[in-house]
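Each chain, letter by letter, is given below.
Number of protein chains: 2
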Amino acid sequence: MAKDKKKKPQRPKAVTPRGFRDYFGEEVAERRVMLDRICEVYHHYGFDPLESSAVETVEALGKFLPDVDRPNDGIFAWQDDDEAWLGLRYDLTAPLARVVAQHRMDLPNPYRRYAVGPVWRNEKPGPGRFRQFYQCDADTVGTPTVAADAEICMMTADAFEALGIAREDVIIRINNRKVLNGVMEAIGLGDQEAAAATRGIVLRAIDKLDRLGDDGVRALLGAGRKDESGDFTKGAELSVEQADQIMGFVTAGRETSAATCARLSELVGGSDTGPEGVRELETIAELLEAQGYQSRAIIDPSVVRGLDYYTGPVYEAELTFEITDEDGQVRQFGSVAGGGRYDDLVKRFTGQAVPATGISIGVDRLLAALHAKGRLDGSRAAGPVVILPMDRDRMADYQTMCAELRNAGIRAEVFLGGGNMAKQLKYADKRAAPVAVIEGADEKAQGQVTLKDLALGARLAAEIETHEEWKAQPAQITVPRGELIAQVRAMLARAEG
Amino acid sequence: MAKDKKKKPQRPKAVTPRGFRDYFGEEVAERRVMLDRICEVYHHYGFDPLESSAVETVEALGKFLPDVDRPNDGIFAWQDDDEAWLGLRYDLTAPLARVVAQHRMDLPNPYRRYAVGPVWRNEKPGPGRFRQFYQCDADTVGTPTVAADAEICMMTADAFEALGIAREDVIIRINNRKVLNGVMEAIGLGDQEAAAATRGIVLRAIDKLDRLGDDGVRALLGAGRKDESGDFTKGAELSVEQADQIMGFVTAGRETSAATCARLSELVGGSDTGPEGVRELETIAELLEAQGYQSRAIIDPSVVRGLDYYTGPVYEAELTFEITDEDGQVRQFGSVAGGGRYDDLVKRFTGQAVPATGISIGVDRLLAALHAKGRLDGSRAAGPVVILPMDRDRMADYQTMCAELRNAGIRAEVFLGGGNMAKQLKYADKRAAPVAVIEGADEKAQGQVTLKDLALGARLAAEIETHEEWKAQPAQITVPRGELIAQVRAMLARAEG
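For the protein sequence lines, the chains are W and H, in the order given.
All the letters of the first sequence, read from the start, carry residue numbers 18 to 514 under the working numbering.
All the letters of the second sequence, read from the start, carry residue numbers 18 to 514 under the working numbering.
Please note that the accuracy of each hint is not assured.
For identical chains, the list gives no copy identity; a pair is met inside one copy or between any two copies.
[Claimed, not checked] Result set (DSSO-like, lysine-lysine): computed pairs, CA atoms no more than 27 Å apart in a straight line:
| # | residue 1 | residue 2 |
| --- | --- | --- |
| 1 | K80 | K225 |
| 2 | K30 | K80 |
| 3 | K364 | K30 |
| 4 | K443 | K364 |
| 5 | K251 | K447 |
| 6 | K447 | K364 |
| 7 | K364 | K440 |
| 8 | K251 | K443 |
I should point out that these hints are in silico values taken from the structure, not numbers from a laboratory.
From a predicted model like this one, the values you see are computed outputs, not experimental measurements.
This is chain W alone, in the form it adopts within the complex (with noise of 0.2 Å):
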């Protein structure tokens, strides 16, 4: 045994890290287009592109990810060869704040910009659920005016629009931080530093009503909650009649964003911070009217978003169609999209409040919800025709021919593999190849090529049943070379059709 453990060589294994993945030809293609569909809205709207590094250092990020399972706050972090605790940001805000802070002299005020790239969680992996994964925010930075909301909430619907999706199938629900803060007020856990833990408690409790109901927010309000695995969640040990405030908050949404204003003003009453946040709330609702977006954003008392830093208005978008997850389970696909107002962390480096306002779109998940949807079949993945070398000594001959397909704009390439004709066409297959062009010694001689009608070659091989059929099948032609061009123009728009 040891014997033969000696023997083997030590090879590296061939495996991702847990909890990262690749991503293939038309995941990656069907990616890109999304940011830049997304980001293009961004830069219509007047934000300006900004790439940070992905490496920051750890005092700069910050740690504000909430429920973190790891002893260092869910980031990926290694000390520098000078001391320095390097980290991988774990979002596009922080290093924002870390910019603004750094570069405030230089940048316009209000600076509105857009960035987009991958982000890294040191969490547990889990399905679907990877520690590396797009972000694509949008941030106004440097105005307190609640305009900046709203602005950022049209055009996140705007962006949903430009990628496609159907205005009944997403919505955007508003909340304002100060409304909620004006409910705790009133129930007593006010703005006092001893009650801070408690309100971070009912902040989360809250923000899980989507997936545990009224019945398990209530728990936690309360004394707690176990869940199906027997873990208990401590609660925030409320009163009933404390809870029934904080439920009544939550409930309050209505018909209009009009009437769920009006009732707000109404639980607010008593506080300081609450009236102004309804105000707010009013302004918003009165400018999403304006330009005609009332009815893909609305006010919501319901939403609350899990992050400590907001302190106004907080928005989330949300898909409303449903799926069936991996359990089977038809369900509202949920959230895709989140953000708010945060007026703290530019302050963090300077000492002076900067307010600032925005969105965070989860690209990864918004793909894979219009993937479950049906609404991405992978169609815009037209493969290369390949062109089979049946004669390897004449390789610049094929070449040639390859040429003169791309620079007519079909994308093209020559089979570089070995092996048989059997073996080629596997290869065109595995390639989705629409066409294969053939041109052994005896189309050379005669001035001839051969195409192969592959895509429909595959519809065909679906209906035909006997090898007769098959071989009778018109899915290869033999045509002069001359017209090697137009005549896979015309599979292809054949195929296309």
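Following the hints, put chain H in place on chain W, whose structure we already have.
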């Protein structure tokens, strides 16, 4: 003192980590355009996109970085909580080898793939030398034919052309490690393990021909070389005769690729590997000539590439125009892309040799080159039309105006900051806005808007001498509200013309 220190709040520093930087606005857009154009060429050649994660296991990454001055081999690495060492990729080739080993049953063979993204090097940063930068790679894995190498060289030439770089400004130089190995055999530095270190020194010495010249390389082939700072680099300790043969090889380049190959044949006469390498170069030269690339891609024995893992053809793209560098020196910009054949990278994982060849374009270096040459003037960077909200209570009106502009395809935004007209115009200026739109109470009452042609204003400001002239300039017009779009369009057209 201690008291003062105590008073000061502990704030994080708003700085990018050493060797990292932020990219703003046009810098991001330019790179995106460049990457898109290169990838379009790769795609058109039948290559498929692949995106692996930034994080790999350290054992999968391997140790292939040359000349590394850091203890952990130039990689940013840390220990995952299951004890596995993880690290950031330092190039896109090592991850490709891992992907091919991991997914080989599912991939077409040969597998043509392209990849684009940042890579990280834990190296000493310097001027223009960052620890994160972009690469844009294309590789063909699974075929030994040098037709694949020739194809990559032609595709690289096409990519540079797609970027608008003139044919006379870029040259691709091609060599073959087998020829160099042949020369090494001839001078007694054959395949034996004992000579491996010496062969490495010879390789890296030749790689520095550009920078150190003939004498510098000869010093490194001999006893060694002391640089300007006094640091001594140990040499290969070759005899003068041995060094002569190496230098004879390095300077074997002739007017045409055919003449160069003929000269190389003479030099490697005695060895086994050498003649095979020359034959491969001849085939590549023939394929290049058949497609008309002979003046854009040439055989050049002075190219070796620093990396140890190349096993056959190596190639390098060089910008031939001159630039003035930071020190005021006029020099050729040099290499912006490089690659070659590496037949053993997948074998590390699987034990089976998988022939592969590929190019990596250093996108950030290329951008720097085009900037240095003044080829990127940032003129694409049209700022948004900025609407100045004279009356904050009519935000909805201004947003409506803004939406009209956007719906007409015009990039536009409402200024959301505070301050008077002067401050608002200063903002518009910072945004490089071509037009500012003003609708105060007077204009509103008369159904008009005022448009300031800021592009024209900027031009006039450069020419006008007196304040009177300035006030008389026609860069501001008041037009009916209904003509907003048409008049802004006219101004934009003027700004572009």
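| said: I want to check one pair: K447 and K364. Are their C-alpha atoms no more than 27 Å apart within a copy, between two copies, both, or neither? | reply: between (55 Å within a copy, 24 Å between copies)
| With identical chains treated as interchangeable, where does the CA-CA distance between K251 and K447 reach 27 Å or less: within a copy, between copies, both, or neither? | Answer is neither: 53 Å inside a copy and 51 Å across each miss the 27 Å cutoff.
| query | How do K251 and K443 come out at 27 Å by Cα distance, when the copy is not named: within, between, both, or neither? | reply | Neither way: K251 and K443 sit 59 Å apart in one copy and 53 Å across, limit 27 Å.
| request: Could you place K364 and K440 in one of the four classes (within, between, both, neither) given a Cα distance threshold of 27 Å? | output: This pair counts as between: shortest inter-copy Cα distance 23 Å, intra-copy 64 Å.
| task | State whether the alpha carbon distance between K30 and K80 is at most 27 Å within one copy, between copies, both, or neither. | result | Classified as between; 15 Å across copies, 34 Å inside a copy.
| task | Using 27 Å as the alpha carbon limit, work out where K364 and K30 are close: within a copy, between copies, both or neither. | result | between (46 Å within a copy, 11 Å between copies)
| request: Have a look at K80 and K225 and pick one of within, between, both or neither, based on CA distance no larger than 27 Å. | output: Classified as within: same-chain Cα gap 21 Å, cross-chain 46 Å, threshold 27 Å.
| task | Tell me, please, which holds for K443 and K364 at an alpha-carbon limit of 27 Å: within, between, both or neither? | result | between (61 Å within a copy, 25 Å between copies)
Consistency note: the structure conflicts with the earlier hints numbered 5 and 8.
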